[in-house]
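Undergrad: Take a look at the letters that make up each chain.
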Amino acid sequence: MTGPLGGVTCYVPRDAAARSVGADEVAEAIVEEAGRRGIELRLVRNGSRGMCFLEPLVEIVTDEGRIAYGPVQVADVVGLFDAGFIDGGRHRLGLGLTEEIPFLKGQDRRTFSRVGVIDPVSLEEYQAAGGLVGLRRALELPGEAVVAEIQTSGVRGRGGAGFPTGIKWKTVLDATSDQKFVCANADEGDSGTFADRMLMEGDPFCLIEGMTIAGVVLGATEGFVYIRSEYPDAIATMITAIELAYLHGLVGENVLGSGKRFDLAVRVGAGAYICGEETAMLESLEGRRGIVRAKPPLPAHAGLFGKPTVINNVLTFASIPGILAAGGAAYAALGVNNSRGTQVFQLGGNIARGGVVECAFGITLGRLVEEFGGGTRSGAPVRAVQVGGPLGAYLPASRFDVEMDYEAFAAIGAMVGHGGIVVFDDSVDMAHQARFAMEFCAEESCGKCTPCRVGSVRGVEVIDKIIAGVEREANFELLEDLCELMTDGSLCAMGGLTPMPVRSALSYFPEDFDR
Amino acid sequence: MEASQARRYEPYSEAEAARLIDEEKSQRGPLLPIFHRLQGHFGYIDERALGPIAEALNISRAEVYGVLTFYGDFRQSATNATTIRICRAEACQSVGGVGLLAHAELALGIACGEETGDGTVRLEQVFCLGNCALSPAVMVEDRLVGRVTPERFDAIVESIRATR
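Those protein sequence lines, which keep their order, are chains F and B.
The opening residue of the first sequence carries number 3 in our numbering; numbering runs sequentially from there.
The opening residue of the second sequence carries number -2 in our numbering; numbering runs sequentially from there.
Calculated directly from the structure, the hints in this document are not laboratory data.
Please note that a few of the clues may not be correct.
[Claimed, not checked] Covered stretches of chain B (in silico footprint by chain F; criterion: 3 or more residues with CB under 8 Å from a CB of chain F, positions within the stretch not fixed):
#1 21 to 35
#2 41 to 50
#3 85 to 92
#4 121 to 127
#5 134 to 147
[Stated by the list, open to error] Counterexamples of contact, computed for chain F against chain B with all Cβ distances above 12 Å:
#6 Asp26
#7 Ala36
#8 Gly98
#9 Glu126
#10 Ala197
#11 Asp198
#12 Glu203
#13 Gly350
#14 Val387
#15 Glu441
#16 Lys467
[What the hints assert, rightly or not] Ranges of calculated distance between the beta carbons of each label pair, as one might list FRET restraints:
#17 B/Arg144 <-> F/Pro398: 47 to 53 Å
#18 B/Ala159 <-> F/Phe307: 48 to 54 Å
#19 B/Ser156 <-> F/Gly40: 32 to 38 Å
#20 F/Gly132 <-> B/Arg45: 50 to 56 Å
In this text, a Cβ means the ideal position worked out from N, Cα and C, and glycines have one as well.
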């Protein structure tokens, strides 16, 4: 579309996943070629649309809407210009209108409504796309009313534990203290999960708005975003966005002119998976070893520096502005049973169409893997999918009928977790995957409690013996005993959930342990 | 794409370390930010910095050391090698990540956690880089690379060596 200045607008994502397959080089080549042809072109580095299999995905703005091409490589750029792609011309990489691509059209983007659509570091575009409506409403309402709205929405913690967010916020609201804190857990260490990263890189103001709402409503004047060091792009984008937020008075001493103060800063992790556990994260923020704390006290009562602290996952905070803008009831209208609203599922591993699928709870695992994901990338049959990260269960295709619902998953010894789904084809050896679960726990355990610290090491040894065929029956019994002990006796989810992938591998794929 | 960011770090200087510590120490929970700042500048955390940090934060040297050694990111010896981290987590395993790591160790002649004899490349394992739909994933310094085949890995190493 010809803009006011006569140029065309072209989008090439700045998302780390898109960059990992050449988006920077493609963007550079497009600008260069446009210059050579005397075409006035406005390049926007947006977030990713979440269709990772099409990255780098190039979009051009036309009168009909945004038209997509992908996956584009540098070698394709001259051809795209020859085909008149700046007017939406036909090309073999052409995908038509972005919004009509089946992978995207079948979704219900709420939390991710702006990701991939806007310039992530433009507060102007953020507001034009519905940003700050939630915060303005929160500033007008009494704190109790905001918390009630969140309780009405039924939203639960998206980090994995699924604790009702409204109850957590109510606890912090009711706590009296001279100081309270807001912490976003952006230590997204679970394999197969990348939605936090994509949100921070694609719509950072949404996280800032969600945290600011928590701050002004709960009376917390300071917030921290704890981001893992493995996410340098997300760290850079969040720092830039927070600087802009200060500049425009969205955060700082006078939030949107309300007279309320909320300061926000990014803190960077240092390669410890356990710091994704909320109390270990608090220890890390305080400058100590990331060792898990015993609960109680709950962080809502005595969290960061001993003060009442609301800790939520990135996606939980990011869902708050939308809930306040449209009302809790609208959010609660989506989903099933006690799993309300939408979840941002992530399809990864050996999958044909990997990426982000946001839709209401209640969609079956099979629809996600087959309809959206298109089965395996290798073309071989799906043998197992691991849902909910490295501590989640391995499920066979015969379980594809299970609906994405916290309780339905718990009922079959699995968990929805952070919504990550990793697909394996028939070449996978499930005994090795079970061994890896124990090995990972041994590697990343904080070491505070014995069931996790020692149990995981013993778990590797026992599984090795089973694989080697040494006293198989006795060792199966020992492994089951160990799993029970770790589940019941560990201080946190690290040791407590490591048996989940192990046990699911044993019960669904016993043949792999008997070769 | 062939990422080849050779990083050059400053040699350790006590005066410079003291300045960096001073700049970070007044924030809440300053220890990790101090470590990040020092490592970003010198490439590692020199043992000589532990005393000044302890003094600045009014904690024991043992506590500073304890925190330093808990976190896998912090190095305790100087390096000017380019760090390549290979993901070992499940999503990458499902599409050949284990084979890629084995290839890398063989091609470089070192194990994870080691540096090549010429000091150009350091190899490390990592559990998830958040690129699970474009696995296997590798990170070269702070640049993410997706769908890495053994051939692509070799090209990355070659480009690192070419810039030295």
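Undergrad: Are three or more residues of the segment 134 to 147 of chain B within 8 Å, CB to CB, of chain F?
TA: The restraint on the segment 134 to 147 of chain B holds, since 8 of its residues have a Cβ under 8 Å from chain F and three suffice.
Undergrad: With d taken as the least Cβ-Cβ distance between F/Glu203 and chain B, does d exceed 12 Å?
TA: Per Cβ check, F/Glu203 is inside 12 Å of chain B; nearest 10 Å; violated.
Undergrad: Was F/Asp26 rightly flagged as not at the interface, with every chain B Cβ beyond 12 Å?
TA: violated, 8 Å
Undergrad: Mind verifying the non-interface call on F/Ala36? Its CB should be farther than 12 Å from each CB in chain B.
TA: With a cut-off of 12 Å, F/Ala36 remains clear of chain B, as the shortest Cβ separation is near 21 Å.
Undergrad: If I take the minimum Cβ distance from F/Glu126 to any residue of chain B, is it greater than 12 Å?
TA: holds, 28 Å
Undergrad: Grab the minimum beta-carbon distance between F/Gly350 and chain B and tell me whether it stays above 12 Å.
TA: F/Gly350 is in fact no farther than 12 Å from some Cβ atom of chain B, at 3 Å.
Undergrad: For F/Val387, is the shortest CB-to-CB distance to chain B above 12 Å, so the non-interface label stands?
TA: violated, 10 Å
Undergrad: Starting from the range 32 to 38 Å, see whether the pair B/Ser156 and F/Gly40 falls in it by beta-carbon distance.
TA: The hinted range 32 to 38 Å holds for B/Ser156 and F/Gly40, with Cβ atoms some 33 Å apart.
Undergrad: Under a C-beta cut-off of less than 8 Å, do 3 or more residues of the segment 121 to 127 of chain B approach chain F closely enough to confirm the stated coverage?
TA: holds (count 5)
Undergrad: For F/Glu441, is the shortest CB-to-CB distance to chain B above 12 Å, so the non-interface label stands?
TA: violated, 9 Å
Undergrad: Does the claim that F/Ala197 lies outside the interface with chain B hold up, using a Cβ gap greater than 12 Å?
TA: violated, 9 Å
Undergrad: Cβ-Cβ distance between B/Arg144 and F/Pro398: within 47 to 53 Å?
TA: violated, 27 Å
Hint violations for this structure: numbers 2, 6, 10, 11, 12, 13, 14, 15, 17, all remaining hints satisfied.
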